[in-house]
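> Sequence:
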Amino acid sequence: MAPLFGNFALWLSLFFAISQFFISKNNNLKLIKISVNGLLISSLISFFVLMYSHIVSDFSLLNVFQNSHTTKPMLYKISGMWGNHEGSMLLWILVLTIFNYFIFKFYNKNNSKLILKVLETQAFISIGFILFTIITSNPFERIVPARENGLGFNPILQDPALAIHPPLLYIGYVGLSAAFSIGIATLKLEDNEKIAWYSYMKPFVITAWTFLTIGIALGSIWAYYELGWGGWWFWDPVENASFMPWLLATALLHSLIIVERKKSLQTWALLLSILAFLLSVIGTFLVRSGILTSVHTFALDPSRGLYILLFTAVLGIYALVLFWKKSQKYFDNNYFAFFSKEGSILVNNVLMVIVCATVFLGTIYPLLIEALTNNKISVGEPFYNSTVIPIIAPAILVMGVGPLLSWTKEDKLKIFKKIFPSILLTGIMTIFTFSIYQSYSLIGVVGIILAFWIISNNLLMIFKKNKNYSTSMIISHLGVGLLILGITGSSIWQKEKIIKMQIEDKIKIEKYTIVFEKIDEIKESNYLALQGNFLVYDEKKNIITKLKPQKRFYPVTNIFTTEASIHTNLLRDLYIVLGEGNLKDGWVIKFYYNPLVLWIWIGALVIFFGGVISINNNLSKLRNLT
1 MAPLFGNFAL WLSLFFAISQ FFISKNNNLK LIKISVNGLL ISSLISFFVL MYSHIVSDFS
61 LLNVFQNSHT TKPMLYKISG MWGNHEGSML LWILVLTIFN YFIFKFYNKN NSKLILKVLE
121 TQAFISIGFI LFTIITSNPF ERIVPARENG LGFNPILQDP ALAIHPPLLY IGYVGLSAAF
181 SIGIATLKLE DNEKIAWYSY MKPFVITAWT FLTIGIALGS IWAYYELGWG GWWFWDPVEN
241 ASFMPWLLAT ALLHSLIIVE RKKSLQTWAL LLSILAFLLS VIGTFLVRSG ILTSVHTFAL
301 DPSRGLYILL FTAVLGIYAL VLFWKKSQKY FDNNYFAFFS KEGSILVNNV LMVIVCATVF
361 LGTIYPLLIE ALTNNKISVG EPFYNSTVIP IIAPAILVMG VGPLLSWTKE DKLKIFKKIF
421 PSILLTGIMT IFTFSIYQSY SLIGVVGIIL AFWIISNNLL MIFKKNKNYS TSMIISHLGV
481 GLLILGITGS SIWQKEKIIK MQIEDKIKIE KYTIVFEKID EIKESNYLAL QGNFLVYDEK
541 KNIITKLKPQ KRFYPVTNIF TTEASIHTNL LRDLYIVLGE GNLKDGWVIK FYYNPLVLWI
601 WIGALVIFFG GVISINNNLS KLRNLT
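Here our numbering is used: the first residue of the sequence shown is 1, the next is one more, and so on.
One should not assume that every hint holds.
Calculated lysine-lysine pairs in the DSSO-like style (CA-CA distance at most 27 Å, straight line) [unchecked claim]: (1) K326 <-> K113; (2) K464 <-> K262; (3) K117 <-> K25; (4) K263 <-> K508; (5) K194 <-> K262; (6) K621 <-> K109; (7) K621 <-> K500; (8) K548 <-> K508; (9) K188 <-> K109.
Between beta-carbon pairs, the in silico distance windows are [unchecked claim]: (10) G586 <-> Y101: 58 to 64 Å; (11) L442 <-> I41: 55 to 61 Å; (12) I559 <-> N110: 54 to 60 Å; (13) V445 <-> T513: 26 to 32 Å.
If you're looking for bench data, these hints aren't it; they were derived computationally from the structure. Backbone N, C-alpha and C define an ideal beta-carbon position, used for all residues, glycine too.
Working from the sequences, and respecting the hints, build out all of it.
This is the structure in structure tokens:
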């Protein structure tokens with residue numbers, strides 16, 4: 001009975017989305033309210049009905065049968081609901097309707113023309129994705145007779161980080177739909193209609209950017225400890241698909257600061273609002289089209305990919321043509337110097353867009369070549385490192401000094417006076433760091449200097465009582481500095497050893513001695529495991545930790561996985577992976593020494609915290625406006 005109710009609610013959400021689309025063309029508040037609330041409630045019902053079906057293991061549903069099992073822990077029964085294509089589309093629709101609801105909450109007589117046009121565009125997007133779900137991906141499809149048990153769920157996705165990673169990412173992806181809709185609505189306003197559209201867009205952009213940041217970070221953490229590769233970023237096409245809208249959302253967020261303060265760069269901000277969401281939808285296409293082989297891939301049905309591709313084309317062509325026709329009215333000739341706050345933001349914007357274009361080329365080009373010639377080529381880490389890093393480096397340099405500059409124009413001598421303390425602090429921090437790790441390379445030196453450049457400037461801004469320095473900005477930029485520190489340290493100072501070891505063998509990595517103590521057999525409700533036991537000694541021959549990597553076997557899905565064991569502190573990670581082997585021949589063991597890697601995720605959390613503060617501040621401003 002419940003699945004039928006869920007399916008009905010899904011169709012009902014389509015009805016309310018269509019209603020909202022047509023009603024939004026008229027200023028009938030009562031009917032608009034009914035449509036918006038109806039769309040939200042029906043989406044909530046369909047979402048939670050599917051979740052309930054997973055919780056109770058209702059194997060009459062094809063979605064539950066394909067993605068669950070009675071032995072699966074409850075947490076992963078719940079998260080497994082959105083860990084597959086059909087369920088994830090319900091999550092996408094739900095987040096979309098939640099943002100739709102909050103857009104409606106900003107409705108009042110003073111902004112009715114803008115909000116109605118925003119709701120119209122949001123409704124169109126909702127119709128597109130709900131239709132996609134019903135036609136190609138209905139999660140309430142039944143199987144007769146009902147099965148006694150399911151096929152299980154990919155074990156590498158049975159992880160706490162992966163349980164919350166998709167919802168956070170979707171808030172980011174889908175949140176950009178609000179910026180897109182506000183951008184489209186702004187372009188459709190009449191020339192005489194002057195509404196502070198940027199004030200309505202900014203909270204949504206900050207929200208999307210903040211949650212996209214933490215969502216990407218959680219995916220990175222998961223890849224680091226779950227895949228057993230010792231790394232945290234692999235330039236996977238789907239990783240790139242999340243990175244690209246994040247880059248444009250970052251550029252858009254900073255552009256809106258100028259628009260809000262100086263009414264400059266409005267056309268640029270409107271274009272970024274369009275492109276950022278289009279890249280989010282392109283990411284959805286990459287994940288669900290079957291053209292990629294990736295741990296992120298949800299679906300292998302080309303018909304699904306074709307639908308999303310066509311929908312993306314419709315959205316993109318309409319939006320870009322509208323921008324081409326209507327954006328001229330937002331063009332301005334406001335002057336500002338290169339050495340100014342506006343100038344620094346614009347420079348960083350351009351560099352962010354160039355990085356995004358570079359990553360887009362590296363991601364899409366192999367797919368185009370394969371589609372046109374049937375030849376497979378790969379674009380990997382060397383390409384991205386050699387192209388992205390030289391562009392990112394000057395952006396980071398500008399980021400450090402930009403907040404210190406005045407609006408419109410800054411005297412060059414004053415700039416030097418402002419940054420001189422930061423230069424000194426950066427130098428001290430850099431020398432201290434290299435005195436600890438005592439290993440040098442050009443990229444390493446540049447990376448560490450840039451990290452401390454950002455950290456120094458923002459630490460000093462904390463002690464300067466200046467209203468132009470926002471708390472959220474300082475915290476987020478400080479997080480970026482910590483992130484760069486972690487990225488650089490883990491990249492240039494990482495040590496890796498892969499050897500075959502017998503019980504009681506020893507290995508030395510940096511200043512640590514690691515002893516292979518024993519192998520244990522572990523039996524849990526949903527998997528069997530071999531567990532290696534390793535003792536870690538410091539230079540004084542004291543045991544500092546025991547590491548217990550596992551090689552797991554999941555009988556239901558017939559899949560082997562690795563579980564790395566990691567000992568972490570602020571300065572480094574000791575990382576061990578148990579590979580293939582047996583008592584007679586020994587086991588292949590991977591050892592990694594990863595300096596400063598923890599600061600990657602500390603930095604991401606700090607950025608997130610700064611974003612949350614900014615969300616609250618901008619919502620308060622918007623409440624005053626409405």
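> Now, for every hint given, state plainly whether the structure supports it.
Okay, the hints, checked on the actual structure:
1. Restraint check for K326 and K113: the C-alpha separation of about 17 Å stays at or below 27 Å, so the hint holds.
2. Distance check on the hinted pair: K464 and K262 sit about 24 Å apart at the alpha-carbon level, within 27 Å; holds.
3. Straight-line distance between C-alpha atoms of K117 and K25 comes to about 7 Å, which keeps the hinted pair within the 27 Å bound.
4. A hinted pair counts as satisfied when its Cα atoms are at most 27 Å apart, and K263 with K508 does not qualify at roughly 60 Å.
5. Our distance criterion of 27 Å between C-alpha atoms is met by K194 and K262, whose separation comes to about 15 Å.
6. Of the supplied pair hints, the one linking K621 and K109 holds, its CA atoms being roughly 18 Å apart against a limit of 27 Å.
7. At roughly 61 Å between alpha-carbon atoms, K621 and K500 are farther apart than 27 Å, so this suggested pair is violated.
8. The suggested pairing of K548 with K508 holds, with an alpha-carbon distance near 17 Å, which does not exceed 27 Å.
9. This hinted pair checks out: K188 and K109 have alpha carbons roughly 18 Å apart, not beyond 27 Å.
10. About 59 Å separates the C-beta atoms of G586 and Y101, a value consistent with the hinted range of 58 to 64 Å.
11. For the pair L442 and I41, the beta carbons lie near 58 Å from each other, so the given range of 55 to 61 Å is met.
12. For I559 and N110, the Cβ-Cβ distance of about 57 Å falls inside the hinted range of 54 to 60 Å, so the restraint holds.
13. One distance hint, 26 to 32 Å for the beta-carbon pair V445 and T513, holds here, with the actual separation near 30 Å.
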